[in-house]
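Student: Once you've looked at the hints, dock chain B against the given chain A.
Those protein sequences? They're chains A and B, same order as listed.
Using the UniProt record's numbering, the letters of the first sequence correspond one by one to residues 1 to 144.
Using the UniProt record's numbering, the letters of the second sequence correspond one by one to residues 1 to 1126.
Simulated from the structure, these hints should not be mistaken for lab results.
Do not rely on the hints blindly, as some may be mistaken.
[What the hints assert, rightly or not] Straight-line Cα separation of at most 20 Å, EDC-like style, residue types lysine to aspartate or glutamate; simulated pairs:
{"hint": "1", "chain 1": "A", "residue 1": "53", "chain 2": "B", "residue 2": "420"}
{"hint": "2", "chain 1": "B", "residue 1": "429", "chain 2": "A", "residue 2": "51"}
{"hint": "3", "chain 1": "B", "residue 1": "32", "chain 2": "B", "residue 2": "42"}
{"hint": "4", "chain 1": "A", "residue 1": "43", "chain 2": "B", "residue 2": "418"}
Given the structure is predicted, the values throughout are model-derived calculations rather than measurements.
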Amino acid sequence: MIKFILMVNRQGQTRLSRYYTPVELSRRALLEADVVRCCLSRKKDQCSFVEYKDFKLVYRQYAALYIVVGVTDSENELSVYELVHNFVEVLDKYFSRVSELDIMFNLDRVHIILDEMIQNGHIVETNKSRILAPLNALDKMADG
Amino acid sequence: MSDVVEKTLTALPSLLSLDSQPGSAKLSSTSKLGNLIRGITELTSKHEEEKLIQRELTSIKEQMSSPSTSMRQMKELMVRAIYCEMLGYEASFTYIHAIKLAQQGTALEKRVGYLAVSLFLNESHELLLLLVNTVLKDLQSTNLIEVCMALTVVSQMFPKDMIPAILPLVEEKLNHPKEIIRRKAVLALYKFYQIAPNQVQHIHNKFRKALCDKDPGVMTASLHIYLQMIQENPEGYKDLTASFVTILKQVVGGKLPMDFNYHSVPAPWLQIQLLRILSLLGKNDQSTSEIMYDVLDESLRRAEMNHNITYAILYECVKCIYTIHPKSELLEKAAKCIGNFVLSQKINLKYLGLKALTYVVQQDPKLALQHQMTIIECLDHPDLIIKRETLELLFRITNAQNVTVIVEKMLEFLQLNEDDYTTTDLVGKVAELAEKYPYNEWFIETMNTVFSVGGDMMQPDIPNGFLKLLSEGFDSVEEDRKLRQFAVDSYISLLQGETGKLPQRFLQVISWVLGEYAHLRTDLEPATVLRLLSKLLDSKNTSSETKSWVLIAMTKLCDGRTGISAAQEVSETYSSSLDTVLRQRAQELQHLSQDSELRDRVLPRDTGLEPPEVDSSLSFLDGFVSEALAAGAAPYKPPHQRQEELAQAKTLSLEPYSLSLPISMSSCSITDRQSPTLLSISSGLSGDSMDLSHKGGSTTLKLDGVKRVWGRDGYLAQRESVEEAAKVEVPSPLHSASEQGEAEGAHSQNPTPTPTPEPEQEKQQLASSLFVGLGSQSSVCLMGKAEPNPQRFRRKAKSPSLSSGPSEPTSNSIISSPSTVDNLLCNNLLDSNITSGASQDPPPELSQDLSTANGTCDVEFTDRDEEEREPSLIKDNGVIAHEDKDRPKDLCLSSHLPAELSGCSCSEIIPLCSHQSLHLSACHVQRDEFLVLVVFIYNSSDSDVQQILLELESDQLQVSCVCESPVQEVSGDSVAVCQYTLTVRRPSVHVEVAGVVSYTSQTTESTQFSYKLPLTSFIRPLTVSTEEYGTMWLAFSNDTKQNLTLISEDQESLTASLNVLKRKLQLHVVEIIGMEGIVACRVLQDQPCLMHCRVHAGSLAVWLRSPVPDLPDCLIYHCQRALQEH
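Okay, chain A solo, but in the shape it has when bound:
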C-alpha cells in the first residue's frame, strides 16, 4: 500500500504532497524534511529504495525534482518505482514537456491527475488516456 507521495525539490521545498494514511498537519513538515534528507543524501548509484522507520521510501529524481513515495513493506518497490515514471509521463503528456513551474502553477490539476491514478493508497488507473480524460473534459468545459 502507498502511504504518501511527495514532490520535493533539491532545496527540500515541498511542491506537492498527498497522504493516503492520516498524518497530522503539524507532523507532516517534520516527516517531509526527514524523508527528503533521507533521499537527498543518497548517491546516484545507490538503491532507489530506502528503509524509513517501519516502511520504505521509493524515490526517483527528475532534474532538481524528487518524487518520493512511502510504501508499506508488502508493496512491490519496483512497480511503484515505475508508477512514478508513469505519473511523470502522464504529466508530460498533459503539459507537453512538464517543468517544475507547471507543477507549481497547476497544483490543482496535478492533484486531479494523481487522484485518477492512486486512491486510498491503491493504484487504480495506469492507462494514460483514461487518466487524463476527466481533466481534459473539465478543461473543455471551461473553454467552451
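Tutor: Showing chain B alone in chain A's frame:
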C-alpha cells in the same frame, strides 16, 4: 523520455527570473497565485516562509469572507490555501468554503472544491456531513463529469453513517453505459466495503458482474475488492480461480487495447494485482494451484524483456510460485529468475532479488546456498540498504551452526548504524536469535552487547525475556548453574569497570541477576557484590527506577555482619528519599537485613520455577468487605462506573431497573471469588431507588408532542445536553488466576554438519560458516514449510488464551463444520420464536423481590420457579425440537435438564467436545432476565472422573456460574450438569463462549471447546410507552440506518413486517402511526435498543438507536435476516 523531462526541469531557474515567460503556463504570473509562487521560490529561510504564509492566509481569509467573491476567484483562493496547508500551515477557516465551492461551483471550480475537501478533511471530520447533500445532488446530475467528481470524492472519503443515503445511487451507476462511471462506482463500493463491510454485503453478486464487465478498466477496479475479500477469506472465492487465470492469460497474451500498455508491456500493474490474488488463492491448496501453473509459466516466459516493469512482474510471479503449492519445474525457473536478480549489476534489481530470496529461503534454504558468494558480497556492499536486506535474509536462515557468525555480522552492522528504528529492530532480532540458541558464554556475551547497544530504546520484553530464560533454565540443572555463574562473573567484571555509560535497563538486569545468583559463586564475597552495587547507587547517572532494582538486589544479598552494616548505611541514606518507591525499598532493606528468618520467607532462594499463586479476585478480603458493608459502608464501584454515575447524577434514569442476578449482602461471603463482580451489580441496583412508573408520571410529554419527534423533526440534530440513559454497568469478569501448565520444552535438534568446501579465500571461509547446516536441512524442508528451530525456550510464553480455541485443532464438532453451526443457529432462531409471545412482560413481583434483595441464591431461584407461568405448550415445543435418530444421547441428556429450566425455551443440545471417556454437550435456555447455558458432562467409562474444572470465557459475554459449588467429579456412566448465566457485555452478531475443561481420570487432561449462539437469544422485548420511547430516543447516541425489504407490497406491509420482527426477534412494538412504527427491545442484561421504521418508496427505512455501540449494527443484521427468511 526522462531525458526530455530532465532538460526542461534544468531550464527552470532561467524561467523563474522572467515574468513574461510563456512557460509559466496558463496563469498570468501577475495573479495572486503567481505572486505566492514567486514568493515561495524566492524564500531563503524558514522565518521568511512563515511571514509570507501568514500574510497570505490573512489575505485569503479576507477575500473568502467577502460576499462579492465569485466562484472563479474562490477557486484560485482555494488553490492558494492548499499551498499554505501543504507547507504545514493550518488554514481551517477555508474548510467550509471548500465545501461551498464543491456545492456551488461549476466544472473545474467544483472539482477543486472537492479536491480541497479531500485534502483538508479526514474521514471523521464533522464538516464532511455537509458534503453529503452535494454528493447526492451530483450523483443525480445529468452531467457525467459531475457524477464522476462525486464518485471520486466518495471513493476517497465518506462518512460511514451516511452510506445508506447514497448507496442505491452508487449501485445504480454500476449499470451505467459509460465505463468511467461504472469503474468509479466500483471504486466507491470498494471504499464502502473497507469502512462498513456489512452495508455492502447484499451486493456481492454485483461485484461478480463488475469482474465480468466487458471493459477492462471496470474489471481492474473490481480486483481491489476481490483482493481484500480473498485476503480475509480465501476459501470463499476458490471458484473464481479459473476466471482470474483466464483474465491473466488474456492480459499476458496481449488481448487488451494498446493504450493499456506501459513501455510495450500489457497492463503491468493489473498483472501484478492478479498474481497477488492468485497467490492468495493457491496457498496451501493443491487443486487450486494446479489451475494456475500454466499461466504462471507463461508469465515467466513473456516477461523476458529487459525493463524494470517486467522485473516487477517477475518478482510478483516468483513470490506467487513460492507461495502456492509447489511444482518443481516452476520452482526451478523461479529460482533461476531470483539468481538473475541477485547477480544483476542494477542495484534496484539486486535489492529486489535479496527481498525475494528472503521470502523464498524459508521454503527452500538450498537457494541461499546457491547464491552464497553473492550474499557475502552484498554483506560488504557500500549501500547500507543492501546490507540491511542481506542481514534480514541471514536472519531467516539462521540455525544452530551458523548463529554465532550471523549474530556477529548483525552486531557489526549495529555499530555502524545510526538510525534508531533500525537499531531497535535489529537488537530485537539478535536477542531473538540468541535466546533460541543459548550457548552459555556466547549467549551472555551477546546479550551484553544487545543491552549495551540497544540501550533504553529496545522493547522491554527483551530484558524481561532474558531474565525469565535465566530463571526458568533449560533441560539440565548443571547447565543452568553454569550459565548463571557465567552471567554473574561477566557482570561483576562489568561493574568493576566504567559503569557510567551502561544503559539503565542493562543495570537493572545486572542488579537482578546479581541479587538472585551471586551466591552461586561461592568464592565471591557478598560484601564485594554489595560494594559494587552501592557504587551504582552513588552514581548520578543511575535513575531512581534502577536504584530500586539495586536496593532489592542488596536486600537479597545482605548476609553476614559486613552485609548488614553496608545495608544499614544504604538504607539510612534512602529512607529519607523523596521518591516513595525508593523509600519503601530502603525500609524493606533495613528490616529484612536485620531479620534473616523473615527475609528467607519473603525472598526465598531458588524458587524461580514455581510462580507464586496470585488470587486476583482478592477473595481473602471478602470477610473484611462484608463486615464493612454490614457496618453501612457503600459498596465498591469500579472507577468507570463511578464516573458514569457522576455524569448522570443530575438526570433522570429512564430505564427499568434490571432484574440482575439474585444477590444479597449476605451472599457476598458465600460467592467466594466472584464477590467483586456481584457486588458491583448490586450497587447498580441499589444506586437509585426511584421507580420507573414515577418517572413515567413526571414526564409530561403528550402523545402528539412525541409524534412531532417522529415526523420530520425527528431528524433534527440531537440536543447537546441530552441525558444519558441509566444503565447498569456490567463489570468485566474476573479472570481466574490459575495458569495452564507450560508446554513441554521442545526437543533439541542437532542437524548433522555438512562437509564444507575447502576454504581458499576469506570469503569462502565466511560463506562456509554462514551457510553451514543449510544443505543438510534443505533435503528435509524443500517442500515442507517447517521451521527447523530447536526452540528450547518459548520467549513470549503466555498462558494459552481461551479465545484462541477455534484456531486450534480440537475434536470439536462446531469448529470443524461451520455450516452445521449455521443450520443449528437457524434452528435456534425458530425455536426461540415459538416462545416469543409468552415471554413478554416480566412478572412485576420479580422486580420487587430483587429490589429488596435479601434472600440467598437458592431462595431466589425457587421463587423464580414458582413464578414460571409458562403454559405447557412451550414445554412441548421448546425442549429438543430436533432429535436425530443417530444421536440418542441427546434424548437422554435432555432429561438431565435442571427442573427449574424445563419450562423454558431450550435450544438443541449440541456436542461440544469429547475427550477419552468424557463428553461435553451444551444447550442454552432462554429466561426472561437472563440466558442460561447448560453444560452436560457425560462420563461414558465405568471409572470416576475427578477434579473436573470447567472454565468459560468470552470476549462478548459475561459468564457467571449459577451454582455455588461447581461440579467436581462425575462417576461412571452418568451425567453432571453445570449452569452458567450469560449476559451480553459487547454486542456482536454472533457471540461465542470459549471454554476449557480439565479433569483427572488416570492422568490430568484438558481440552478446549467453544459454543456459539446468535445475539437474538439475548433479545427481550422492552415494554415502554410512547412518551418514554421519545425521551429515550433522544438520549441514545449510537445509531445506524438501513433500508430493508418489506415482506409484502400491500397496505398492511408495515404491520406485517413488524409482526414478523416481533415474532422472530421478540421485539416490542410500541406504536404504529400511519406509515411509521416504533419498536423497542433490550439485550440482556439491560442494553436497550430502539427502532424507528418508516415505509418509504417500497422499502422499510429502519433507524436504530442504542446507548451501546455496535448494538444497532448487530440488530439490523438480524432484522434483515428475519425479514428475508420470512
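Student: Would you check the hint for residue 53/A and residue 420/B, treating anything up to 20 Å between C-alpha atoms as holding?
Tutor: 8 Å, holds
Student: When you check the alpha-carbon spacing of residue 43/A and residue 418/B, does it fall within 20 Å?
Tutor: Distance ~18 Å between residue 43/A and residue 418/B Cα, so the pair holds.
Student: Keeping to a limit of 20 Å between CA atoms, is the pair of residue 429/B and residue 51/A held or broken?
Tutor: With a Cα-Cα distance of about 17 Å, the restraint between residue 429/B and residue 51/A holds, given a limit of 20 Å.
Student: For residue 32/B and residue 42/B, compute the direct alpha-carbon distance and say whether it is at most 20 Å.
Tutor: Holds, at roughly 15 Å.
In summary, the structure agrees with every hint in the numbered list given earlier.
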